[in-house]
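Participant: Work out the full structure, taking the sequences as your base and the hints as a guide.
Sequence lines, in order, name chains A and B. For the first sequence, our numbering gives the first residue as 1, with consecutive numbering after it. For the second sequence, our numbering gives the first residue as 1, with consecutive numbering after it.
Everything labelled a hint here was simulated from the structure, so no lab data went into it. Please note that a few of the clues may not be correct.
Identical copies look the same in the list; a pair holds intra-copy or inter-copy alike.
[To be verified] Straight line, CA to CA, 27 angstroms or less: simulated BS3-like cross-link-like pairs of lysine-lysine:
id, residue 1, residue 2
1, K25, K69
2, K283, K69
3, K107, K69
Chain by chain, the residues:
Number of protein chains: 2
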Amino acid sequence: MTATNTEADHISMRSGYWLATIGTKNVIDGATPLVLDAIDAMDLNASGAFCFADLGCADGGSSMALVRKSIEAVRAGNKSRQFQVIYTDQPGNDYNALFAIIHGLEKGPEPTFLDAHEGVFVSACGSSFYRQLLPDNSLDLGFSSTAMHWLSAKPCDISGHVQAVGASGCELAAFQRQARSDWETLLHHRAKELKPGGRLVLVNFCRDQQGRYLGHTEGADMFDTFNAVWQAMLAAGQITEDEYQRMTLPQYYNDVAEFSVPLMDGSSPVYRAGLRLESITTKVVECPYKLDFRQHGDAARFAENYIPTLRSWTQSTFMGGLNPQRDAGERATLIDRYYAAYAQRVLEEPEQHGMDYVHAYMVIRKE
Amino acid sequence: MTATNTEADHISMRSGYWLATIGTKNVIDGATPLVLDAIDAMDLNASGAFCFADLGCADGGSSMALVRKSIEAVRAGNKSRQFQVIYTDQPGNDYNALFAIIHGLEKGPEPTFLDAHEGVFVSACGSSFYRQLLPDNSLDLGFSSTAMHWLSAKPCDISGHVQAVGASGCELAAFQRQARSDWETLLHHRAKELKPGGRLVLVNFCRDQQGRYLGHTEGADMFDTFNAVWQAMLAAGQITEDEYQRMTLPQYYNDVAEFSVPLMDGSSPVYRAGLRLESITTKVVECPYKLDFRQHGDAARFAENYIPTLRSWTQSTFMGGLNPQRDAGERATLIDRYYAAYAQRVLEEPEQHGMDYVHAYMVIRKE
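Facilitator: Structure representation (structure tokens):
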């Protein structure tokens, strides 16, 4: 499959993405000090606008506070510096929702920074981050959160599972090769785009030193549940074996070593292009829906709030796995049935569920 | 009213804009030599990417060939120069259609230039050209076609007509004041954005020396027809007097003198900011649907092809003139009835109809 619609998968509700993925806003809020420290470390009296890019922006809602604080940090160092914000995502992203939120025409998580600051210019780039997005030496700070685990292509289907965390043997090796190549490719493009002295702050899903990853921290493994629900539908004859095989998410979660290699190995093209790893740490941010459930104790309310966030980033892959010869209504019914079955598992054992975020937080400098 | 949805009014058909306004592509094709000459006159060995902006781009289809030829012209002068294309329009424009066409995911008038050229970067800016869109001194060439007649606000309703060409007295004076202020404002923003030595090529609707303007060259006056159809619906009790009053397009067509004043008067802020008028000419481009009709002679086919182009840029204003207390279905029915009545007039006297384009073609330099 191609990378279309994977950097930010969308639910069909206009401007609902940031709300359905409110946990990613918590992650960005936690990463904000890294961005502000990176800005403080830069020469803010250079000529031209300060250029900030949000790579894999979706509708821009989740990073709105980060952008505002970044503007404030630049202005604290140079109060007349112009500021350019470039939002990037796949061509198929909903840019109409993005501009509506950024221009204050639709509700975002806070008022748009455009009303509070002069000399701020916004644009959007509808290209995958597996291409060079911006001219050489034009970017001061590139930020990305919860986006770079999407591969540029699915190297193969995974037998008996839906995600590379459940892969082994040749299939795992194929995902590792793809992930290594993709990570090097996207860093190499960023190396060209960055000005010397520019920084990347990348907040990417990872497997941490304790083997934890998204939805695999305590209780049931979220990806095992995704898989088990499809297996149950296969066993019930609701989908075919071919369809089950295709339910493979084109994702890979690097560990710290995998993230670090091209930034530390002097022979890698990325290193030779000037990128240096300044810091990398991992952190778990707890699932906000799980935390809410611990307060209110209502399993139905938990399921109702939680399933849409799972659906927001899995539905397009799963829809694509269904036989296209089924008519659209039949496919929609199967997808609804799938998430209803997942919700049923949450209702039955709510304390087993939750999608804790496990991220690597990287700061990278261009020499 | 605000400027929302006026720089490029949309019909509801996705990616249909360029096709419904194919005449504007003919106009852009005719203006292309001015752009290529402007590029040839510039220093193409300057550092950084060559930055080209299409101001009021709609879905980008109409200018696709122009952008490709501009890339080729820059590369002819400097084969390694990177090229940045920035598409700008209102926040409410359909940017999803734009990116789909530019990335070749939906059909445009020719294959996308992105597949043919390396080192070309595309972004979109969802802000009105009545704001500064880009950082200071960042733009090499700003192009705009058939967009800058939309005012930033409607100064008043026009008694007994739908467009300023039918205004008089205080109402005409109010439109003239608004148009003068808007023209100066948008030029002043461009003066900041342009690099020294940069150029604007602006192709704007005008009133020419013979008093011709859009749809007023021969046969019936198009705006008189727009007005007459609403008057007939008012007389038939289908709309109210209040509604009729609000059917005023927030547009003004400058003449050559009005376009020239701020660029030639040494005391104007635009002149003082460095903008100089290099050339201005006017030209009529004949209505492609009228020309087709002269070939095929089928009035029904003429009306069927012609009415959508009128509808593409008038519908949102006219819909906004209807009483919002009417339910949406009733408003849609009235709008359908309006364009059906216009079509009926075309059927009855096809040789009286057509929308010849009358434009001023300006080349402006920043010192």
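Participant: Next step is simple, just say for each hint if it's right about the structure.
Facilitator: These are the hints, each one checked on the structure:
no.: 1; hint: K25 with K69; result: within (14 angstroms within a copy, 43 angstroms between copies)
no.: 2; hint: K283 with K69; result: within (22 angstroms within a copy, 50 angstroms between copies)
no.: 3; hint: K107 with K69; result: within (19 angstroms within a copy, 40 angstroms between copies)
Hint check: no violations occur; every hint is consistent with the structure.
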